[in-house]
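J.: Sequence:
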Amino acid sequence: MLYTKKFNRLTRILVLIVSITLLQSCGKKDDVREVEVTKQTALEMYLEAKRALDAGVWTAAENKYKDLRSHYPFGHYTEQGYLELAFAQYKLFKMEQAISTVDRFIKNYPAHKNLDYAYYLKGLIYFNSERGLMQRINPSESADRNQENIRNAFSAFKNFVERYPDSDYAPDARQRMVYLKNQLAAYEAQVAAYYLRRGAPIATINRCKFVLQAYQNTPAAADALALMAAAYEKLDEPALAEETKSILVANYPDHEYLSTGEVNTQTQVLSWQEIWPF
Numbered sequence: 125m126l127y128t129k130k131f132n133r134l135t136r137i138l139v140l141i142v143s144i145t146l147l148q149s150c151g152k153k154d155d156v157r158e159v160e161v162t163k164q165t166a167l168e169m170y171l172e173a174k175r176a177l178d179a180g181v182w183t184a185a186e187n188k189y190k191d192l193r194s195h196y197p198f199g200h201y202t203e204q205g206y207l208e209l210a211f212a213q214y215k216l217f218k219m220e221q222a223i224s225t226v227d228r229f230i231k232n233y234p235a236h237k238n239l240d241y242a243y244y245l246k247g248l249i250y251f252n253s254e255r256g257l258m259q260r261i262n263p264s265e266s267a268d269r270n271q272e273n274i275r276n277a278f279s280a281f282k283n284f285v286e287r288y289p290d291s292d293y294a295p296d297a298r299q300r301m302v303y304l305k306n307q308l309a310a311y312e313a314q315v316a317a318y319y320l321r322r323g324a325p326i327a328t329i330n331r332c333k334f335v336l337q338a339y340q341n342t343p344a345a346a347d348a349l350a351l352m353a354a355a356y357e358k359l360d361e362p363a364l365a366e367e368t369k370s371i372l373v374a375n376y377p378d379h380e381y382l383s384t385g386e387v388n389t390q391t392q393v394l395s396w397q398e399i400w401p402f
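Counting from 125, one number per residue, gives the positions in the sequence shown under the working numbering.
Mixed in with the good hints, there may be bad ones.
Once the Cα atoms are required to be at most 27 Å apart in a straight line, the calculated BS3-like pairs of lysine-lysine come out as [claimed, not checked]:
no., residue 1, residue 2
1, K190, K163
2, K305, K282
3, K282, K190
4, K190, K231
5, K333, K231
6, K215, K237
7, K231, K215
8, K358, K369
9, K305, K215
10, K237, K190
11, K282, K333
12, K282, K218
13, K163, K218
14, K218, K231
15, K358, K333
16, K190, K215
17, K369, K333
18, K305, K333
19, K174, K163
20, K174, K218
21, K369, K282
22, K237, K218
23, K218, K190
24, K369, K305
25, K215, K174
26, K333, K218
27, K282, K237
28, K190, K174
Read the hints as simulated data drawn from the structure, not as lab findings.
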């Protein structure tokens with residue numbers, strides 16, 4: 125009986141020793157794996173992320189760029205990785221994160237050789253922040269949200285071309301600004317038409333005056349003149365209506381309002397792809 129108790133005690137001790145040894149072994153393996161991960165150089169981690177980006181595997185690219193930044197917070201490859209991380213987030217439609225990443229890059233690396241691209245990319249992100257940006261604009265809450273993104277995109281591109289007028293990306297940015305300006309003007313004209321339908325001709329006139337002042341060289345300027353003439357007629361101001369019509373005739377003699385007395389502001393604006401394929 126005494127022998128049995130001693131044997132059992134010895135067995136328990138051996139089991140405990142084996143268990144501790146196994147735990148230490150597992151811990152060492154985990155340490156080895158961690159060392160293997162961090163053993164990669166900044167260049168190796170950057171190239172892995174870049175390969176994922178070039179392959180269009182956006183989620184993998186985003187994760188790898190974040191790993192690079194985590195292990196190597198400073199350095200040439202981390203700097204370049206910031207911009208490419210922003211592009212991956214943009215392709216994933218993580219627009220707020222992409223804008224935040226670009227802003228950090230601009231703040232942290234003000235002398236970077238690709239700073240012009242950072243400013244251009246910021247405009248590009250805003251440009252595509254709403255899928256509805258490429259669709260017809262209507263005076264509704266969703267359109268109001270689109271307007272904010274359009275204004276932000278226009279402002280970002282304007283800031284970019286003023287800073288870097290000779291950048292390789294400047295011609296594309298200028299074309300996008302023309303498109304965005306046309307969209308903003310079209311929206312304002314549609315709101316003016318909405319006011320007219322609701323029996324608010326004075327609000328229509330005020331909105332049209334804004335279009336003519338801010339967006340005089342856009343297609344919507346013709347609609348603004350036609351709507352103003354119609355609004356003056358609603359207000360029983362024939363002299364002002366005729367004066368406005370004469371300006372419309374002089375500048376846009378083929379406008380439908382002159383023959384039908386109607387203004388169609390619901391026509392779909394040309395999509396960006398139709399204007400400037402990319």
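J.: Between the alpha carbons of K369 and K282, is the straight-line distance 27 Å or under?
T.: Cα-Cα ~34 Å, so violated.
J.: Between the alpha carbons of K174 and K218, is the straight-line distance 27 Å or under?
T.: The hint holds at about 19 Å.
J.: Given the hinted pair K305 and K282, is their Cα-Cα distance within 27 Å?
T.: holds, 11 Å
J.: For the pair supplied as a hint, K369 and K305, confirm whether the alpha-carbon distance does not exceed 27 Å.
T.: holds, 24 Å
J.: Are the Cα atoms of K282 and K218 separated by 27 Å or less?
T.: Holds. K282 to K218 sits at ~23 Å (cutoff 27 Å).
J.: What's the verdict on K305 and K215, does the C-alpha distance respect the 27 Å limit or exceed it?
T.: The hint holds at about 24 Å.
J.: Given the hinted pair K190 and K231, is their alpha-carbon gap at most 27 Å?
T.: Cα-Cα ~18 Å, so holds.
J.: Checking one constraint from the list: CA of K215 to CA of K174, max 27 Å. Satisfied?
T.: holds, 14 Å
J.: Between K358 and K333, does the CA-CA distance stay at or below 27 Å?
T.: holds, 17 Å
J.: Take a quick look at whether K218 and K231 sit within 27 Å of each other, Cα to Cα.
T.: holds, 20 Å
J.: Hint check: K190 vs K163, CA-CA at most 27 Å. Holds or violated?
T.: Measuring from Cα to Cα gives roughly 16 Å; hence the hint holds.
J.: Would the pair K218 and K190 pass a check requiring their Cα atoms to be no farther apart than 27 Å?
T.: It holds: about 14 Å lies between the C-alpha atoms, which stays within 27 Å.
Violated hints for the displayed structure, listed by number in ascending order: 3, 5, 13, 21 and 26.
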